[in-house]
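Participant: Sequence:
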Amino acid sequence: MAYNICLRVMSCGCFANPNNQFSNSSSTNPVYALLFLHGRFGSAQDKYVVDIRKKDLIVVAFDHRNHGKRLVDQQRTLVWSKVPAKNDDQHAEPRLIPGIPIIGCPDYTKLISQRAASSDIPFSPPYFPVSFPTYVGTHDPAQLAYRAKDASNPFFGKKVLVLSGKEDKLVPWVASAEFVDGLEVWEGGVKRVVVEEGAGHEYTRVMQKEAGVFVREWLGL
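So that you can map any letter, position 174 of the sequence shown is 173 in the numbering used here, and since no number is skipped, the others follow by simple counting.
Derived by calculation from the structure, the hints in this document are not laboratory data. Ideal placement from N, C-alpha and C gives every residue a C-beta, glycine not left out. Honestly, I wouldn't trust all of these hints.
[Unchecked claim] The calculated lysine-lysine pairs, modelled on BS3-like cross-linking and capped at a C-alpha distance of 27 Å, are:
| id | residue 1 | residue 2 |
| --- | --- | --- |
| 1 | Lys148 | Lys208 |
| 2 | Lys190 | Lys208 |
| 3 | Lys208 | Lys165 |
| 4 | Lys109 | Lys157 |
| 5 | Lys148 | Lys109 |
| 6 | Lys68 | Lys109 |
| 7 | Lys168 | Lys109 |
| 8 | Lys109 | Lys165 |
| 9 | Lys168 | Lys148 |
| 10 | Lys157 | Lys208 |
[Claimed, not checked] Ranges between beta-carbon positions, derived for each pair:
| id | residue 1 | residue 2 | range |
| --- | --- | --- | --- |
| 11 | Thr133 | Leu95 | 19 to 29 Å |
| 12 | Pro121 | Lys208 | 39 to 49 Å |
| 13 | Val205 | Lys168 | 10 to 20 Å |
| 14 | Val184 | Val135 | 17 to 27 Å |
With these hints in hand, go ahead and build the complete structure from the sequences.
Facilitator: Next comes the structure, spelled out in structure tokens:
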């Protein structure tokens with residue numbers, strides 16, 4: 000199966016450097032960094048990553064495990080093996096302000112349990128160690144107080160743009176909908192959701208435009 004450039008961008012986020020310590024001494028502008036994370040089969044060396052250039056914007060990109068210069072066995076990225084030793088052990092990564100999950104999912108358990116079932120893999124050891132649900136329960140966004148309207152909500156004040164395809168079969172919107180619908184960003188926060196009709200697991204032109212506008216708005220460009 001061929002994967003085009005649209006499938007490679009999964010998420011990005013930005014953080015500001017309030018002390019402006021990396022700025023040119025003649026500049027009074029703040030310095031921003033864009034964390035640009037590629038998707039499955041992508042690489043930090045892909046042209047669309049390398050070509051991103053903005054004034055006063057630092058772009059940070061790196062290869063995920065078993066991708067790009069860290070590639071060991073591409074087959075491990077395709078789907079689970081029934082031999083646990085052949086599976087990639089990780090499929091993943093308060094200064095972050097905006098975040099743009101692109102054809103991603105905030106509910107790991109809901110998404111991966113569906114994938115395990117489709118691969119005829121039990122959602123239990125040795126594929127999922129006993130300690131793993133505990134870790135997910137502590138760190139997964141869907142397990143945090145994302146609905147709360149007080150300081151316990153780690154998403155308060157965040158600026159979030161969600162980009163998904165309505166017909167995505169690999170990361171179906173249904174796995175994200177409950178979280179996104181209930182996400183509370185409170186005063187000063189932004190939640191913008193684009194679920195594109197007719198789009199599958201792809202980074203479409205519409206999504207690219209929405210992401211660009213979102214980043215420019217945050218930077219005040």
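Participant: Of the hints given before, which are not true for this structure?
Facilitator: As far as the earlier hints go, 1, 6, 9 are violated by this structure, in ascending order.
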